[in-house]
Structure formats: C-alpha cells, structure tokens
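*Asks:* Let the sequences and hints guide you as you build the complete structure.
For the record, the sequence lines run as chains A and B. Quick note on numbering: the first sequence equals residues 27 to 631 in this note's numbering. Quick note on numbering: the second sequence equals residues -5 to 344 in this note's numbering.
It should be emphasised that the hints constitute simulated quantities derived from the structure, not laboratory data. Hints may contain errors.
As the list claims (entries may be wrong) - With a Cα cut of at most 27 Å, we get these calculated DSS-like pairs of lysine-lysine: (1) A:Lys206 <-> A:Lys195; (2) A:Lys473 <-> B:Lys325; (3) B:Lys17 <-> A:Lys473; (4) A:Lys473 <-> B:Lys52; (5) B:Lys186 <-> A:Lys287; (6) B:Lys186 <-> A:Lys473; (7) A:Lys606 <-> A:Lys376; (8) B:Lys325 <-> A:Lys195; (9) A:Lys548 <-> A:Lys603; (10) A:Lys606 <-> A:Lys548; (11) A:Lys436 <-> B:Lys17; (12) A:Lys287 <-> B:Lys9; (13) B:Lys186 <-> B:Lys11; (14) B:Lys9 <-> B:Lys154; (15) B:Lys325 <-> B:Lys186; (16) B:Lys52 <-> A:Lys287; (17) A:Lys131 <-> A:Lys113; (18) B:Lys11 <-> A:Lys473; (19) B:Lys52 <-> A:Lys436; (20) A:Lys376 <-> A:Lys191; (21) A:Lys436 <-> A:Lys512; (22) A:Lys191 <-> B:Lys334; (23) A:Lys524 <-> A:Lys511; (24) A:Lys447 <-> B:Lys52; (25) A:Lys206 <-> A:Lys131; (26) A:Lys447 <-> B:Lys289.
What the hints assert, rightly or not - Some chain A residues close to chain B (C-beta under 10 Å, calculated; not the full set): (27) Leu238; (28) Asp297; (29) Leu299; (30) Ala516; (31) Pro601; (32) Asp618; (33) Phe619; (34) Ser622.
As the list claims (entries may be wrong) - Output of the computed footprint for chain B on chain A, the stretches with three or more beta carbons under 8 Å from beta carbons of chain B: (35) 108 to 118; (36) 365 to 371.
Glycine residues also receive a C-beta, built at the ideal position from the N, C-alpha and C atoms.
Here is what each chain is made of, one letter per residue.
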Amino acid sequence: MFSSTMSSINDFVVRFANVNGTGSASANLLFAKSIFRMGVPIAPKNIFPSNIQGLPTWYEVRVSEKGYLGRRAGIDLMVSMNPQSMKKDVESVRPGGYFFYDSTKPLQESFIREDIHYIGVPLMEICNREYTDARQKQLFKNIVYVGALAVLLSIEFEVLETLLKEQFKGKEKLVAPNVKALNLGADYIREHYSFPLDFHVERRDLVGDMILIDGNSAAGLGAVYAGASVVSWYPITPSTSLVSAFEEYARELRVDPVTGKNNYAIVQAEDELSAIGMAIGANWNGARSFTATSGPGVSLMSEFLGLAYYAEIPVVLVDVQRAGPSTGMPTRTQQSDILSAAYASHGDTKQVLLFPSTPKECFDMMADAFDLAEQLQTPVIMLTDLDLGMNDNLSAPFQWDDARAYQRGKVLSAEELENAKTRWGRYLDIDGDGVPYRTLPGTHPTKGAYFTRGTSHDEYAVYSEDSDTYVRIMERLLVKLNTAKKLVPAPEFYQDGKQSDTGIVFIGTTTHSARESLDQLKAQGIPCDAMRLRAFPFNEDVAAFIQDHDRVFVIEQNRDAQLRSLLVNELDINPSKMIKVLNFDGTPITADFISSSILKSLTTV
Amino acid sequence: MSYIKPKFHHPLLPKNKLGYTRKDYEGSISTLCAGCGHDSISAAIVEACYELNVEPHKVAKLSGIGCSSKTPAYFLSNSHGFNSVHGRMPSIATGANLANCDLVYLGVSGDGDSASIGMGQFVHVVRRNLNMVYIVMNNGCYGLTKGQDSATADRGSISKGGDATLFEGIDLCSLAIELGATFVAQSFSGDKAQLVPLIEAAMSHQGFALINVLSPCVTFNNNPGSTKSYEYVREHNEALAGIDFIPVGDEITTNYNEGERVEVTMHDGSVLRLNKLDHTWDPQDKLSIIAALKKSQQAHEILTGLLYIDRTSVPLHTMLNTTETPLNQLKEDQLCPGSKVLEGINAGLR
Ligand SMILES: Cc1ncc(C[n+]2csc(CCOP(=O)(O)OP(=O)(O)O)c2C)c(N)n1
Ligand code: SF4
Ligand SMILES: [Mg+2]
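*Replies:* So this is what it looks like as structure tokens:
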C-alpha cells in the first residue's frame, strides 16, 4: 500500500540468502558498508537460525535515501546463494523485482516466476576456473557476487577497494586477489546484462558523521566508559556479544600500562543466578558491576533482583530480549520481557527500566544506568533486543563529556561516619527522597557496619517482623520510586505541544518504523502525535501525553501488549483508549504494518 | 528479632595486639535453640578472629539462608554482613571479593544451603579458588524448615520421626578435594580446641578454604540413630592430629618431639603445627587423604582436623591478573578512557 511512494534511487531492499558458516558475512558487510561510504543511509539486518553451521541465514540491507532505518517488507533484489531456501527465496521477491543466482547449473523449472527478473552469474564455474584451493573457491564466490552487485547497483569500485584495504591491513597480500574476485563478477555483468538496475545507488552526503555499529558493542563500550570493573555473565544469545565487546574494549583500554595488570575482572559464571549474584556482591562492595542476559536469564535472576530491590543494592542488568516464552525463538527479536523486568521477583517490586533505541543510546544509557543504580541504590535493567543488539545500526557518533563525573550516590566516607552527630541508620530516609545512606565494608573500624538482608528490617538494618516497620519501609521504597521518576531519561516527543487527538507511544527498536509510519500517516492526511518512552517508572510527562489524547496507539513487539499493560496499570488509565498495535512474529516491526493497523482501527472506530 | 548486646567493656578484659577485646568480635545475642552446634561455631569464630588480630571491619561475613546462615548476626558486629538468598552466598562472595581483594571474606552456610540448593555455586566457587573461608555448619538436616533430611544425611541415619535416610550422603570434603580445593578441613562444633586453630589457618590461607563442621541440630537431628547427633559424632570422631596455629611473629615453642609433628608455613608466614600425626596420611598429599577419607567412611569414623592443604594455591585474582589496587578503589581516570579515545573509536566505525 505504501511501497508505491518509493523512488528508485537509494530506496530498495536487497536480501542475501546464505548458508550459515560459509564466510558470506564479511562479503555482505562489505556490500552494506560500501553504500554507507557513498553517503547513503542503510539498515542491515541478520536473520539467522539458532545453529552454527549448515542452516539458512539471511542478511537484509535496506537502502533509504530518507534515512528510514526500520525493516521494510518486500524484497527488490534477492541474492540467492542457498539452494536449500531457494523456493522460499523466489517467492519472497516482490513482483517486478530481481532474483540473482548462481547459474553454473540451470534453475529448476519450478523456481521460474513470470513476474520477476532473473540475473544468473555462473559463480561456481568462474571460481573453479580461477582458483585451485577449495576454501578459496568458496570464499571468493562471495566476493565475486559483491562485484557483480556493484555493477548492477552502481556501487563505486574505489569505495570497495578502500574497504578491502582497510579490512586486510597488515595482510596486504590478500587485497589483490579480492579485487580480482570483484572484477570477475563485475566483468561478467558488464558482458551479459544491461546495468545499472532501475533501482540503484547514487552518491549522497546523507550520513554525515554517523557510525555503523551493533547495540551490544555500543553497550559494552558504554560499560567501559561508565567505569564498570566487575563483569559476570552466562552465555546466551543475543546478549553474549555484549560481554565479549566489553572484554575486547577493556583489554585495549583498561590494562595498566606499567604493571600490565587488569583494571577489571570478568567471570563467566556457572549460570545466571550466579552471574547476577556476583554483580550484586561487587556493587555491594562499591565496584560498578553488571551482567547481561536475555529472557530465560531474567527468569533465573528474579529472586536476586528482589533481594537487590529490597536490600537496596545497586546493580545493572542488560536484557537483550528475544522471542519467548521459554527457549522460544532464540535468534528472533521481540520486546516481550517488559513486564517480567518491571516487576521482576516475587512480592511487591518495581524495577527501574531503560529503553535505548540506537547504539548511541545503548552507550549513553549504560553510563546512565550505573549512575541511576548508585543514586537510587536499586537494580537498573536496560532492555534492548536482538534487532538492536546484534545488527549493525546507523547511529549518531558516541560522545563523552570529560567533565562528567560518575554519580556514586549516597556513600558515607570514614570522615563522615566519624563526624556524624546522630546515629546512622542504613535505611533511614534523612533527605525525604526515599534514598538512604549506605556504607561500604572496610570503611571505618567501629562505625557504619550493618547486616544486609532480604528479610524484613528496620531503619537500622535490624531484623524485624513488626508490621508497622515493614509497611514503613515498603512505603519508603515508593518514595524512592518517585525520586526515580525525576532522574530517569525523559520521554522524547516528535512535535511541539499537541497537534492531534491521536497519539502513538513506543519504545526501543519500534522507534524507526514508528517514525516512518508517522510520515506515512501524515502523507495520508492523518497526522499523529508521538511519544517515545525511554524509561520506567513513567513520569508526569508520560501521563500528561496520554491524558491529552483521545486515543493512544501503543506499538510494541509482543503478543500481550505488555507496555500498554504497564502504562494502564501504573498510570491508572482507562484501558479503552489505549489501542494495541502488536507485532510478535520475531521479525522487526515495519512502518507499513503500523500504518495499516492504525488506519484500520481509525476507519472502524 | 535480634537483640543488641550492651556495649559495656570491662577495663581489665584482655586485649589482643590491636588493642581489641574479645567483646569487640562478638555480635548480637543468638536466637538459635539453646545447645545448637551453630552457636559454638560462632564462638570459635570470635575466638579465632581475636587471636589472629584481624581488624573486625576488614572482614566481610556472608551467608545464605538457614539457621546456620543467621549466625553472622551473632559474631563480628563491627564487620559488614550479607545474609543473601538460599544457596547463593558463593556468588555474592565472589563479586564482593572481586571488588575488593583487601578484605577477609568469611562465608557461612548450612548443609542444605551448600549441598542441595546451592550445590552449583559451591562447586564453582571451589574450582575458582576464591580467596575466602567457607564454613559449612553441617547438621544433616534443614533446621530452619523444621528438620527435613539434607543431602549430607548419611544413608541409614535415623531421623527424629524414625525414618532411615534412603540416599547416599554427600561428603563435602571429599568433593571439594576432588574439585581442586586448596584447603580442606573437617571439625566438630564441640571441639573448640581443634576448630579455633583451623579457622585461623583457613583465614591465613591464600585461596579457597573449606571447613566442614559437624554441628548438631538439638531440635531436629540429635536423636538416637542419627549420625549427626552429639553423641554419635563424639563417639566416632577420629582426630587426625593435634593442631596449633602460630600467628606471624609469635614465638614457636615446642611440646612434642621432632618427628611427631609437621609444620606447615602459611603464605603470610604464620605456622600451622600438626602434632601426634597419623602416619598413614600427609596433609599435602592429595591421594593419601582421599584414601584416608574412604577408609574412615567404611569404618564409620569421622576424620577431623586439617585434611588437605595445597601451598602452591593460586587464588582467583592472580589467575585473572587483576591489579593490586582493589577494583572498588580505582579512580575515574583509571576507569574512563575519555573523549579523545572515543573519537578514535568513532572514526573506526565509519
Ligand atoms: C528459594 C528458597 N527455597 C526454600 C527456602 C526455605 N528454606 C529456608 S532455610 C532452608 C534449609 C536450610 O537448611 P541448612 O542450610 O542446612 O541450614 P540449617 O537451618 O540446617 O542450619 C530452606 C529449605 C528458602 N528460604 N528459599
Ligand atoms: S532448629 Fe536446629 S539448627 Fe536451627 S537453631 Fe535449632 S538446633 Fe540449631
Ligand atoms: Mg542444616
């Protein structure tokens, strides 16, 4: 419905169908990055199975002059390198689109569609002729198709060559054979087909100083900048690469140049219970510490998250969400841990959540998360997802203000303890903001020691089963939650004041498609107001936006409208004006889906 | 409820080298059952810390959940304590220790806490050789939940209700030795003369030090037929050697003839002296202790004393090559690489 507005320059989707483990990833990245280097916005996405070798994987690159970074349905050019998925791949090409394949063997009759174009290049034949080594035949086949695509899509050869030179820095011998492979593909197209295609790339200056990086690497780097020094973790897709990134950056940036010793410690724990326990233990003892996991890990960590909430211990957790429940679709994306994170653990708990939507925000919010956790003495959970975490995302560059000081919160020093006029109580709310003062082990020989516990306690950390005391402490924790509302990142609005009776609300990776949808709806004469939530608990601005609009579409990537439930529940909103827009098939939500859902709902109202 | 003890100090109470009295190492009044073995272990911890001249605030005491795990409230009130969740003390201890290598970490757990729900964490903290003392107050039952069998109850041991335990008991000492523990001892809550020097030695050890202390539950597992009752443990206790701990700098005096004793010099220069040694075993020979433990089990004996020590122990911090400065004391300029470096990183991502 909306794809007709597409222009043919710098506006198309290429999908690569590959076999897992055949070295296609670096060739595909070379392709994507060359377009980025030509100044044109791109949104690459991996679609991969929970498997190491042999199963189909796809890599999709959306090229968008307008800078739309969400997924778009409809494949303009399918690069088919996997016989196993070929039937499905042929079917997924939009009418009038192109199917690029290895023509060494003729295409099966049943794969021929009348309404699409076929571009055959005998990749295997070319490689068999040009290379002797079996591994080289396989690897260069990938580069040959990149060369062919470059001609078809008008990608500049100098850009590809520069990228290869950068890639093989220190191994310069490899550059020439790769360039040769590019040319083999390019020459074949030039001899046999007309080029470029009706859609192709044209150099622009649209990406400025933007960077291309995955959210997990950004968060790992953010943790280094935030001063995290103890990291514990248990491997789980899609969070594993976050800790790997932390480790790589720490090796580079956190080793004492004189002693060669590490200014950080990383422990691969035996499970997620232990991972969060270590992070809590380290934070209790005054080091900034975090762990990263995905949904199944959050389930396992919940008992400990309740302890940290109730005993008021800072800790940072990153949940890179994937499709649940249970093991679910471990390599597909979702936003389905919102409720289990917000209310993590038994009893009455409310956890502070952060919702980044770009790599830059992953970086920034990692630093914010540690400040918030220590200022509030409570867990802070950053909720990202597979789409943001594991895909390269176009992002504003990282920034660090050297004047920024870590906010370490209310921690008493030996002098402060020594000079205290009144008896110190670990859980006494002196300032009225619900946040008490804490002490670290080893600070003072006779003052400030206390017993941290998950059992009910009074203001002096002494065990108590007195109901009044219990209620007092539980209510004070709500005062603290109010303080949190003032400290967490504010929502982002995309209009000045109120422009429409219809509002849309979204978080995280829904943002790109939601904003594209705003443009689409506006073009259809239906302007909407929009609010991107960046944190929980929700503050007054969030409540006011919903109050101000007659109907509010809550767009999210789960089945049960978890964000909507949280809004309704926490802000006491009449649910009838909160309309669900839900995509939960494991693929990133698209603007077309959002626009058509909203239109359908508005026309049936 | 916890009761705070009056802070009245008698001027003539003896003081240790740091000027602290025993009272300075005590905690609040215990709420455990009168006669509970765990209280004797608390008293031994107080004594060991006093004799060892540790600064109370340089100790972090950690536990899980159970009657045993409550005891850190009953000793060292000038130390920070952390009563965590059931079976998960090892992870809290690991994180705390990674954050600050300069404190003494004293973990207290129960047999339920360590050998059932917390078995995973127990096993892994052993193999990481975390520098800590880990005391299991082992009563063969779940005291706090009213006496159910635990995984360390011996097969055939009779419960208070009269039932025999069906399953094989887990021997935490043998298991720890198998897993590569570098200090393993076993003792009895009723044998303070043995327990105190063992705790002192464990605190001086660089690496993971397990002391499995048989600690009868008077309320639920002290009946005839139980292999964890006071009577049974007293009758079947087979001490491997007399034991003295000589802190660094103290004069070494001899009561026994050469040949009848072994001296183990600890990392910090203190000396652990084992007297009247059982000659079939050498505390630095893993195979000999594994054999001795197997034999004792067949003979229904409970071997107590220092079972095994590896003086080449390499603790976790050394393995991870972390800096000497406790990580929680690193300054911002040591932690944050700054904006210049970030510009370089951005440039590499374009
Ligand atoms: C997750 C969880 N499950 C169960 C319990 C209940 N519980 C409390 S203490 C305990 C057993 C304690 O046994 P042990 O560690 O041997 O300590 P003891 O009381 O015998 O000293 C159990 C099962 C709990 N607190 N948490
Ligand atoms: S129930 Fe048993 S373990 Fe618990 S305090 Fe009483 S005697 Fe000790
Ligand atoms: Mg027990």
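*Asks:* Take the hints in turn and mark each one as holding or not.
*Replies:* Results of checking the hints against the structure:
no.	hint	verdict
1	A:Lys206 <-> A:Lys195	holds, 17 Å
2	A:Lys473 <-> B:Lys325	holds, 24 Å
3	B:Lys17 <-> A:Lys473	holds, 16 Å
4	A:Lys473 <-> B:Lys52	holds, 12 Å
5	B:Lys186 <-> A:Lys287	violated, 42 Å
6	B:Lys186 <-> A:Lys473	violated, 30 Å
7	A:Lys606 <-> A:Lys376	holds, 23 Å
8	B:Lys325 <-> A:Lys195	violated, 35 Å
9	A:Lys548 <-> A:Lys603	holds, 21 Å
10	A:Lys606 <-> A:Lys548	holds, 20 Å
11	A:Lys436 <-> B:Lys17	violated, 31 Å
12	A:Lys287 <-> B:Lys9	violated, 40 Å
13	B:Lys186 <-> B:Lys11	holds, 22 Å
14	B:Lys9 <-> B:Lys154	violated, 44 Å
15	B:Lys325 <-> B:Lys186	violated, 44 Å
16	B:Lys52 <-> A:Lys287	holds, 24 Å
17	A:Lys131 <-> A:Lys113	holds, 16 Å
18	B:Lys11 <-> A:Lys473	holds, 21 Å
19	B:Lys52 <-> A:Lys436	holds, 21 Å
20	A:Lys376 <-> A:Lys191	violated, 51 Å
21	A:Lys436 <-> A:Lys512	holds, 17 Å
22	A:Lys191 <-> B:Lys334	holds, 25 Å
23	A:Lys524 <-> A:Lys511	holds, 23 Å
24	A:Lys447 <-> B:Lys52	holds, 24 Å
25	A:Lys206 <-> A:Lys131	holds, 23 Å
26	A:Lys447 <-> B:Lys289	violated, 62 Å
27	Leu238	holds, 6 Å
28	Asp297	holds, 6 Å
29	Leu299	holds, 6 Å
30	Ala516	violated, 24 Å
31	Pro601	violated, 36 Å
32	Asp618	violated, 30 Å
33	Phe619	violated, 30 Å
34	Ser622	violated, 35 Å
35	108 to 118	violated (count 0)
36	365 to 371	violated (count 0)
Hint violations for this structure: numbers 5, 6, 8, 11, 12, 14, 15, 20, 26, 30, 31, 32, 33, 34, 35, 36, all remaining hints satisfied.
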